[in-house]
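Chemist: For the sequence shown, full-length UniProt numbering puts the final residue at 580, and the numbers step up evenly by one.
Where hints are given, some of them may not hold.
Just the calculated beta-carbon pair ranges, DEER-fashion [said to hold, decoys possible]: (1) K282 / V371: 18 to 28 Å; (2) S242 / G368: 32 to 42 Å; (3) D252 / L567: 18 to 28 Å; (4) S170 / A415: 42 to 52 Å; (5) G183 / A540: 47 to 57 Å; (6) D253 / I400: 49 to 59 Å.
Everything labelled a hint here was simulated from the structure, so no lab data went into it. No experiment lies behind these values; they were computed from the predicted model shown. We put the beta carbon where it would ideally sit given N, CA and C, even for glycine.
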Amino acid sequence: MAPNEPLFASERRGSSIHSEEEAADEDTALLETQGKIPPNPRHHYGFWRELGLFTWALLATAAVIVLAVLSQHQTSQQDSKKPKAGGKRNLIFMVSDGMGPASLSMTRSFRQLQGGLPIDDILVLDQHFIGSSRTRSTSSLVTDSAAGATAFSCGMKSYNGAISMLPDHSPCGTVLEAAKKAGYMTGLVVTTDITDATPACFASHVKIRTEEDLIAQQEVGEHPLGRVVDLMLGGGRCHFLSNTTDGSCRGDDRDITRLAQESYGWTYIDNRKDFDALESGKAAKLPLLGLFASSDFPFEIDRRNMDDIYPSLDEMTRTALTALEAATKHSDKGFFLMIEGSRIDHAGHGNDPAAQVHEVLAYNRAMGSVVEFLDKSNVEGAFVATSDHETGGLSVAKQINPQYPHYKWFPEVLANATHSSEHLAHQLNSYINQGSRGEDLKLYITGLVQKGLGIRDATDEEIQSLIDQPLLSVYTFANMISRRAQIGWSTHGHSAVDVNIYGSAGTDALRGNHENTDIGKFLREYLDVDVQAITDELSAKSKTFGVSTIHGFDWTGRVPTEEDLQLAETYHEHRYGETS
1 MAPNEPLFAS
11 ERRGSSIHSE
21 EEAADEDTAL
31 LETQGKIPPN
41 PRHHYGFWRE
51 LGLFTWALLA
61 TAAVIVLAVL
71 SQHQTSQQDS
81 KKPKAGGKRN
91 LIFMVSDGMG
101 PASLSMTRSF
111 RQLQGGLPID
121 DILVLDQHFI
131 GSSRTRSTSS
141 LVTDSAAGAT
151 AFSCGMKSYN
161 GAISMLPDHS
171 PCGTVLEAAK
181 KAGYMTGLVV
191 TTDITDATPA
201 CFASHVKIRT
211 EEDLIAQQEV
221 GEHPLGRVVD
231 LMLGGGRCHF
241 LSNTTDGSCR
251 GDDRDITRLA
261 QESYGWTYID
271 NRKDFDALES
281 GKAAKLPLLG
291 LFASSDFPFE
301 IDRRNMDDIY
311 PSLDEMTRTA
321 LTALEAATKH
331 SDKGFFLMIE
341 GSRIDHAGHG
351 NDPAAQVHEV
361 LAYNRAMGSV
371 VEFLDKSNVE
381 GAFVATSDHE
391 TGGLSVAKQI
401 NPQYPHYKWF
411 PEVLANATHS
421 SEHLAHQLNS
431 YINQGSRGED
441 LKLYITGLVQ
451 KGLGIRDATD
461 EEIQSLIDQP
471 LLSVYTFANM
481 ISRRAQIGWS
491 THGHSAVDVN
501 IYGSAGTDAL
511 RGNHENTDIG
521 KFLREYLDVD
531 VQAITDELSA
541 KSKTFGVSTI
551 HGFDWTGRVP
561 TEEDLQLAET
571 YHEHRYGETS
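Input sequences plus hints: build the corresponding full structure.
Modeler: Structural data, given as structure tokens:
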């Protein structure tokens with residue numbers, strides 16, 4: 001080979017017909033292994049070079065074919081999980097109220113520390129991450145839970161405070177209502193009031209979310225479409241009890257638990273003993289209404305010490321799945337179930353990182369049970385999970401002094417806490433109401449902080465702040481643990497950050513970044529139900545359907561004033577006190 005000849009230059013440099021014929025003869029001689037022509041080193045090199053290139057090309061082609069076959073096999077496996085047109089299927093929709101991406105980072109590291117797990121150990125949530133959702137409402141770049149849930153239930157945008165109502169104050173049909181109309185069984189499972197914004201948006205229609213008494217009536221069946229829910233498990237019992245009864249928060253004397261049982265056939269339970277009698281759903285009789293708390297369930301960090309009173313989100317999830325599966329066993333339709341990790345949001349409003357990691361872990365366990373159920377079921381099914389918004393503006397780092405920030409945060413601080421800031425604030429105010437003052441109160445607070453938060457270096461200023469402003473103690477306790485863990489918060493309200501979407505096989509349509517309304521559209525398309533037909537039916541029946549309310553006979557309540565809308569924006573202040 002000439003010194004400057006390219007490595008892969010052709011060995012046949014002649015251009016005449018004669019030289020080409022010679023080359024052909026030489027190739028024939030080589031192929032026939034006849035030694036009539038004396039071996040030429042250049043010809044020998046060319047043969048092996050071409051044979052090597054041919055072999056390489058053959059192997060590359062084979063590899064491409066193998067990869068294509070494997071890819072097709074994986075795709076066919078995924079496609080086999082997708083619902084067949086017109087086939088029976090189950091759909092579980094999970095909402096992690098107030099959980100943003102930073103909540104996952106914080107909880108994952110906390111769990112790894114607490115369990116002594118490797119850094120590549122991840123949450124069930126992480127294993128099913130598929131995309132993200134944009135959350136704005138029609139009235140604000142920062143949504144509330146009502147507008148967020150309306151986007152899921154109706155697949156349409158609306159104003160903050162709207163419970164499945166459009167900006168013109170007309171009702172929009174929901175995927176749950178359409179599912180019930182199509183023959184599916186339906187359910188709602190939450191850890192807050194069953195009349196709160198997220199569950200309410202699937203089974204009721206009111207112009208402003210604060211109309212929880214009216215929501216309760218609609219949820220049990222006092223609704224233009226009749227009863228649309230088959231199972232409800234959660235809190236909010238006070239909205240179902242007559243105001244002549246202890247524990248009621250209704251504005252009238254209607255007993256909605258009695259209405260539910262006598263007029264709409266509900267089985268009603270309100271305690272742990274009756275919940276256990278359901279035998280994890282195997283003994284459940286639908287329709288089933290279980291209200292296990294006057295309002296919210298305790299935070300999971302506190303509930304785990306009161307397990308004899310309140311079921312966990314995971315227990316309620318498993319019970320609902322079993323009950324709905326049994327109820328649809330002989331049906332050609334499956335079920336639609338909405339599950340909410342409600343109090344992730346409340347921990348964000350209170351800026352309490354210790355409470356939030358336990359809420360996210362509780363939600364993660366419930367998702368694990370959903371995944372297990374779908375894997376074992378012989379009925380086509382899928383789950384979709386997302387958040388309505390992020391709460392608190394959480395950051396997993398905080399600069400606590402003017403010096404250059406340290407690149408650290410300390411999950412061990414959260415691991416030392418045994419109770420939520422909410423629980424400790426209740427304890428402190430109860431103690432003060434007993435008349436305790438002076439040095440005795442200071443000693444009590446010091447012990448409360450040590451035992452409840454695991455903080456043994458509380459400053460005199462922090463203790464004095466708790467003494468001087470006990471009604472704001474929920475924030476003081478939360479700030480004490482957040483600073484030491486170097487966890488930052490930017491608000492006691494919601495933020496506009498995009499939130500994660502999670503899904504099982506069959507949910508590829510939600511991969512990537514989407515409007516929250518796209519999730520609502522996916523839910524109805526997966527179930528193959530006609531939500532617009534429900535909207536039309538509600539519109540027609542609204543002209544004649546009326547129920548008695550404290551505001552008259554409009555079944556969706558009165559048109560909210562600007563003051564009403566502002567009040568709805570500060571909905572959580574009654575839980576956490578003044579935010580100024």
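Chemist: Take the hints in turn and mark each one as holding or not.
Modeler: Okay, the hints, checked on the actual structure:
With their beta carbons about 21 Å apart, K282 and V371 fall inside the hinted range of 18 to 28 Å. Range check, S242 to G368: about 40 Å between beta-carbon atoms, so the 32 to 42 Å window is met. Under the hint 18 to 28 Å, the C-beta atoms of D252 and L567, about 20 Å apart, fit the expected range. Hint check: S170 to A415, Cβ distance near 50 Å, so the stated range 42 to 52 Å holds.
Range check, G183 to A540: Cβ separation about 21 Å, and the 47 to 57 Å hint is violated. The supplied range of 49 to 59 Å is met by D253 and I400, whose beta-carbon atoms lie about 53 Å from each other.
Hint check: a violation occurs at hint 5 only; the rest are consistent with the structure.
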